[in-house]
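Trainee: Chain residues, written in single-letter form:
Number of protein chains: 2
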Amino acid sequence: MPEIYETKECVTADNEKAAEETRKQLRDKKVFFVNLMASPGAGKTTLLKRTIEALKDTYRIGVMEADVDSMVDAAEIEKMGVRVIQLHSGGLCHMDADMTRRGLEKLQPDGLDLVFLENIGNLVCPAEFDVGAQMKVMILSVPEGHDKPLKYPLMFQVSDVVLVNKIDTLPVFDFDKEAFERNVRTRNEKAPIIYLSAGKGENITEWTSCLQEKIEQWRKNA
Amino acid sequence: MPEIYETKECVTADNEKAAEETRKQLRDKKVFFVNLMASPGAGKTTLLKRTIEALKDTYRIGVMEADVDSMVDAAEIEKMGVRVIQLHSGGLCHMDADMTRRGLEKLQPDGLDLVFLENIGNLVCPAEFDVGAQMKVMILSVPEGHDKPLKYPLMFQVSDVVLVNKIDTLPVFDFDKEAFERNVRTRNEKAPIIYLSAGKGENITEWTSCLQEKIEQWRKNA
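Keeping their order, the protein sequence lines are chains A and B.
Sequential numbering from 1 applies to the first sequence in my numbering.
Sequential numbering from 1 applies to the second sequence in my numbering.
Hints in this document: simulated from the structure, not taken from any laboratory.
Some hints here could point you the wrong way.
Because identical chains share one entry, a pair is satisfied inside a single copy or across any pair of copies.
[Claimed, not checked] Each computed DMTMM-like pair below joins lysine to aspartate or glutamate, with the alpha-carbon atoms no more than 25 Å apart: (1) Lys190 x Asp147; (2) Lys214 x Asp57; (3) Lys190 x Glu53; (4) Lys79 x Asp57; (5) Lys214 x Glu202; (6) Lys200 x Asp168; (7) Lys200 x Asp176; (8) Lys200 x Glu178; (9) Lys177 x Glu76; (10) Lys200 x Asp174; (11) Lys24 x Glu105; (12) Lys49 x Glu206; (13) Lys200 x Asp160; (14) Lys79 x Asp147; (15) Lys190 x Asp69.
The whole structure should be built from the sequences, with the hints applied where relevant.
Mentor: If you want it as structure tokens, here you go:
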């Protein structure tokens, strides 16, 4: 067996406190906040567009598009007629609670029911930083492979829902659903695993119903 | 147009000095060092295996597998009969020069001709951290999409070679090669762009010849 060396601990600082404050403020405003995380190209923006299509008559929706540098995604989302701002991380690989709080101040969530943060495309650091969301959603796309829960364990561990996107490409990739689910369950016993294709519009309702259920449940308890 | 807010600068510290020292030490030892970067699931390990297959009779090869937590990849590579160690970043999203230097001390590159670092799966932070390699190689896989140079500009800017992997899946994805090349060229005027499929073994020689040429050129100047 090859030897293993531990190199460094990631510093999350006192991010938790700021995240908890955001969560409380949004609870007072009755705004449900979703942190959407995935690798580059896993389909975050496309899924977001499908979700907005499905829910925009039910909820007033706002979106914060976090990106290292471009504003490709925000322009796409704006066409859907929802409130959207672009956040630039200036090279940083994730959004933290403080950056998110400042984004929310600009977005002005008052009067909204549902806010999405499309996080930076990255399966590592975003998992470590609570941004104050009520729900963490991750997307893994079929081409990335069923072994990813072993390699990016924290992301799978912290997510409340695991979406598997691009299922229309299952015939061309060696993606073992059973192995994937087994791998997820080593880290996360209860997150629903939902298979869909945002690009082709397949099985979107299973996801939006799950989201809607979470929102309504939270509203009852808020 | 949506509004844009700049949130934070990434801190690269004085990583450069440590990287330069590593580069010099490896030059003295005549070891060519390649930093291989890509998103999760883009095909780094599979490409590495193909590369080892093609070049192991020409060069004595060593591999450092950096991973957040698992050792799936190192075990795979070890089967190829090359010297390999696993580095764990302890949650960190990239390798920096200091972590790499410590990894090299464990690998003991003396007597090797060619060392690969398989960096953490991430298109953001690894681009910011020079680890002391002579050559930076990035892989983008077709399913990730042709817009990625706009969204992860630094990675495309710093890479000496851009590999486009999984070309066997071009028929099922909306990947526009011309748009991709145009997007790359806005950030990087000269890096060769090589299309291949590591999984299917397509066009591997174009890449390994390019690598071999770089190594021989470097040896002449070293």
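Trainee: Could you run down the list of hints and mark each one as holding or not?
Mentor: Do the hints match the structure? See the list:
When the C-alpha separation of Lys190 and Asp147 is checked against a cutoff of 25 Å, the pair qualifies only within one copy, where the shortest distance is 19 Å, while the shortest distance between copies is 34 Å. Taking identical chains as interchangeable, the C-alpha atoms of Lys214 and Asp57 lie at most 25 Å apart only when both belong to the same chain, with a minimum of 17 Å there against 57 Å between chains. Proximity of Lys190 and Glu53 under a CA criterion of 25 Å is satisfied in neither setting, with 28 Å inside one chain copy and 42 Å between copies. For the identical chains of this complex, Lys79 and Asp57 are intra-copy neighbours only, at 16 Å inside a copy versus 55 Å across copies, given an alpha-carbon limit of 25 Å.
Taking the shortest Cα distances, Lys214 and Glu202 sit within 25 Å of each other inside one copy (21 Å), while across copies they are farther apart (46 Å). In this assembly of identical chains, Lys200 and Asp168 lie within 25 Å of each other by CA distance both inside one copy and across copies; the values are 7 Å within and 20 Å between. Proximity of Lys200 to Asp176 under the C-alpha cut-off of 25 Å is found in both arrangements, the shortest distances being 21 Å within a copy and 18 Å between copies. In this homomeric assembly, Lys200 and Glu178 come within 25 Å of each other (Cα to Cα) both inside a single copy, at 23 Å, and across copies, at 24 Å.
When the C-alpha separation of Lys177 and Glu76 is checked against a cutoff of 25 Å, the pair qualifies only between copies, where the shortest distance is 21 Å, while the shortest distance within a copy is 31 Å. When the C-alpha separation of Lys200 and Asp174 is checked against a cutoff of 25 Å, the pair qualifies both within a copy, at 20 Å, and between copies, at 12 Å. With identical chains, the CA atoms of Lys24 and Glu105 are at most 25 Å apart within one copy only, with a shortest distance of 14 Å there and 48 Å across copies. With identical chains, the CA atoms of Lys49 and Glu206 are at most 25 Å apart within one copy only, with a shortest distance of 15 Å there and 39 Å across copies.
Taking CA atoms no more than 25 Å apart as the test, Lys200 paired with Asp160 passes inside one copy only; the shortest distance there is 24 Å, against 35 Å between copies. Only between protomers do Lys79 and Asp147 lie at most 25 Å apart by alpha-carbon distance; the minimum there is 18 Å, versus 36 Å within a single protomer. Taking the shortest alpha-carbon separations for Lys190 and Asp69, only the inter-copy value of 22 Å comes in at or below 25 Å, while the best intra-copy value is 35 Å.
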